[in-house]
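Student: Chain by chain, the residues:
2 protein chains.
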Amino acid sequence: MAYTRDEIADWFRGLQLEISAAIEAEDGKGRFEEETWERPGGGGGHTRVIERGAVIEKGGVNFSAVHGTLPDKIKSALKVDSDAFFATGVSIVMHPENPHVPIIHMNVRYFEMNDEVWWFGGGIDLTPHYVVEEDANWFHNELKAVCDQYDSQYYPRFAKWADEYFYIKHRQESRGVSGIFFDRLNTQTEGKGKAELFAFVQDVGKRFAPIYTTLMRKYKDAVYNEQQKAWQMHRRSRYVEFNLVLDKGTKFGLDTDGRIDSILMSLPPETGWKYTQSWPEGGEEERTQHYLRTVHVPK
Amino acid sequence: MAYTRDEIADWFRGLQLEISAAIEAEDGKGRFEEETWERPGGGGGHTRVIERGAVIEKGGVNFSAVHGTLPDKIKSALKVDSDAFFATGVSIVMHPENPHVPIIHMNVRYFEMNDEVWWFGGGIDLTPHYVVEEDANWFHNELKAVCDQYDSQYYPRFAKWADEYFYIKHRQESRGVSGIFFDRLNTQTEGKGKAELFAFVQDVGKRFAPIYTTLMRKYKDAVYNEQQKAWQMHRRSRYVEFNLVLDKGTKFGLDTDGRIDSILMSLPPETGWKYTQSWPEGGEEERTQHYLRTVHVPK
Chain P
0 MAYTRDEIAD
10 WFRGLQLEIS
20 AAIEAEDGKG
30 RFEEETWERP
40 GGGGGHTRVI
50 ERGAVIEKGG
60 VNFSAVHGTL
70 PDKIKSALKV
80 DSDAFFATGV
90 SIVMHPENPH
100 VPIIHMNVRY
110 FEMNDEVWWF
120 GGGIDLTPHY
130 VVEEDANWFH
140 NELKAVCDQY
150 DSQYYPRFAK
160 WADEYFYIKH
170 RQESRGVSGI
180 FFDRLNTQTE
190 GKGKAELFAF
200 VQDVGKRFAP
210 IYTTLMRKYK
220 DAVYNEQQKA
230 WQMHRRSRYV
240 EFNLVLDKGT
250 KFGLDTDGRI
260 DSILMSLPPE
270 TGWKYTQSWP
280 EGGEEERTQH
290 YLRTVHVPK
Chain V
0 MAYTRDEIAD
10 WFRGLQLEIS
20 AAIEAEDGKG
30 RFEEETWERP
40 GGGGGHTRVI
50 ERGAVIEKGG
60 VNFSAVHGTL
70 PDKIKSALKV
80 DSDAFFATGV
90 SIVMHPENPH
100 VPIIHMNVRY
110 FEMNDEVWWF
120 GGGIDLTPHY
130 VVEEDANWFH
140 NELKAVCDQY
150 DSQYYPRFAK
160 WADEYFYIKH
170 RQESRGVSGI
180 FFDRLNTQTE
190 GKGKAELFAF
200 VQDVGKRFAP
210 IYTTLMRKYK
220 DAVYNEQQKA
230 WQMHRRSRYV
240 EFNLVLDKGT
250 KFGLDTDGRI
260 DSILMSLPPE
270 TGWKYTQSWP
280 EGGEEERTQH
290 YLRTVHVPK
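In order, the protein sequences belong to chains P and V.
FYI, in numbering that gives the first Met the number 0 the residues of the first sequence are 0 to 298.
FYI, in numbering that gives the first Met the number 0 the residues of the second sequence are 0 to 298.
A hint or two may mislead.
The calculated BS3-like cross-link candidates involving lysine-lysine, where the alpha carbons are at most 30 Å apart (straight line), are [what the hints assert, rightly or not]:
(1) P:K250 <-> V:K74
(2) P:K228 <-> V:K74
(3) V:K273 <-> P:K247
(4) P:K159 <-> P:K28
(5) P:K273 <-> V:K228
(6) V:K168 <-> V:K78
(7) P:K228 <-> V:K78
Hints listed in this document are in silico derivations from the structure and should not be mistaken for laboratory results.
Using the sequences plus the hints, can you model the full thing?
Tutor: This is how it looks when you write it as C-alpha cells:
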C-alpha cells in the first residue's frame, strides 16, 4: 500500500497525542498545553508542552507538517536537485525534575521532494544524568527488539550511527547512553518498500511511551540531594551545547525559519555553566563522566 | 615602528592583567584564578576566571597567542591562501549577579599569516538585562570618542557592523545595546600603518575597564526582586544562543580545537529556557524587549 504524505502526517499527529497522553498519565500532575501554528512558507504544526509536572519539569512533544521551497543552503546540504519539499514528523525532549530520571529524546520524520525522492529518518537516545548500566542495556535491548523485526542489520548499523551522531566532539564525550539514529532510508538504500519502512518508523515511535514511562515510574520517587541537582544542571548544559552547536534538526529549523519556540523547546528550564566545579573522587558523577568518555565514543 | 607579533601579544597580555586588576578592585571580593595552558598545535594562553564575587557572578578575561596550521574549513572561510597562522588577543565576558548591572563583552585581536597578510579585529558590546537609554547613549559616546581620535568614519562604520554582528536573527532581536565591531583592518583596507591601527585597538582595549567599572559601581547596590532575577535568567539564555549558534570567535575556537573551557567561559553560571513565562504588561521587561526588537536592528 502506498501511503500519501498526508496519511503519514496524520499518523504522526496521532502518535503525538498518544505519547502526550501516556506521559500525562504517568506524571499525574502536569498537563500538556497545545499551541497550533502556521508556517508562513507553508504548513504548520501543533506544539505540545508540559511544564512544572510532578515528574517532568519541562518537556515538549511537537508535531509538524510543513512544505514549501528549500533555501539553497539546505538544498546543497541535502544534495537534492529540486527545491519543493514536504516534511513531517514528531520530536520529543523531556527534562525531568528528578536527576535520577533520565532526559530522553526521540524524533521520527518523513521527508519528500516528489513521488520518487522521499525518505524516512529518526532516532531515539537516552541521556541519564547518572548512568545506570542495567537501564542502558535494557533501553538498547528494547530498541534492538524493534529493529530486529525488520532487519538484523538495523540495530548494529543504527546504534553505531547514534554513537556518531550523539557525540559532543568539542567535549570529547557522548551526550548520554546513545540509542539508534537513522536517516534517508528509502527503497534504494534499504531494498524495502515505503510501507515496510513506514512500519519500522511507526514501531520505533510506538515504543517510546512504554520505554519512557517505565523509567519515569522507576525513578520518580528516588531521593536526591543538592549535589545531584547541581550535577543535573551541569549535564543539562552539555545538552544545550549539543542542541545549539551540533543538532541537525535545530539547524534545519533555524535555516528554514521554523517556529523558534517549537525548535528550541528542547532546551532545559534551568541549567548553567560554572567554571570551577568539582565532584567527589570516585563518586557517581565521575563514574558517569568516565562512561560518557569511553563507552559510546565513535570508533 | 613595525611591531612584531610577539610585541603585540605581550601588550595584550598586559591588558589582560590590567583589566582583571580593575575588575577585582571594583568587585571588592572576587579574585581571578589564572590557568596557563598550551595548545597542542602551537602556542597557548592564560585563562583568568572570577567566580562568586560581590558583583561578578562569573567572568573571564582570556589571553591567548596561538600559532600553527589552519584547518581547511577555516582557510576557506577566511579566504586566505596560506595555512600558517598566528593569532593573539584578549576576550572578556562578565556575568554580574545583580540584574541591574549589564553583561559586557570585549574582544581585541591580531591575526597574521605572514609579514604581508595580517589584520586587527575586535569589538565591544553591552548587554543590559534592563536597558537604560542614558547608559546606552553614554556607552556609545565613550566608544565614539575612542573611534573619532583615529577616523571620523570609524564610529558610524563600526557601530553599524556591531548592529549586524550582535543581532540574533532567529529571535529577531539584538543581543543588547550593541557597540562597535570591526574585523580585518589593515593597511590595504584603512590606508593606515600597522602602528596606527594597533594604537586604535589599544585605545579600545584601554577604555574597557573605566567603562565597565563605572557601570558596576552605578548599579551594584541596586535592589532587585525575584521577577528581575527571572528576567535575567531569560536574557542570559539569549546570550547562550548567540554564543553557541552565531558567535564567530566560538566557532573559530571549536574548529581549531581551542581550549574548550576557555572558549565557553562566556556562558552564564545559571540560566534556563522556560516555555511559558509572562512579564507584566507595560513593565520594564516589555520595554527592554521592545528596545531589542527595534533600536539596533540591522538596516
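Student: Against this structure, judge whether each hint is valid.
Tutor: Against the structure, the hints:
1. In summary, the hint linking P:K250 to V:K74 is supported, as the alpha carbons are separated by about 23 Å, within the 30 Å threshold.
2. Pair hint P:K228 plus V:K74 does not hold up; C-alpha atoms about 42 Å apart against a cutoff of 30 Å.
3. For the hint pairing V:K273 with P:K247, the CA-to-CA distance comes to about 22 Å; that is within 30 Å, so the pair holds.
4. Between P:K159 and P:K28 the alpha-carbon distance is near 37 Å, which puts this suggested pair outside the 30 Å criterion.
5. Taking the CA atoms of P:K273 and V:K228, the gap is about 18 Å. The hint holds against a cut of 30 Å.
6. Restraint check: the Cα-Cα separation between V:K168 and V:K78 comes to about 24 Å, which is no more than 30 Å; the hinted pair holds.
7. Under the criterion of a C-alpha separation no larger than 30 Å, the hint pairing P:K228 with V:K78 is inconsistent with the structure, at around 46 Å.
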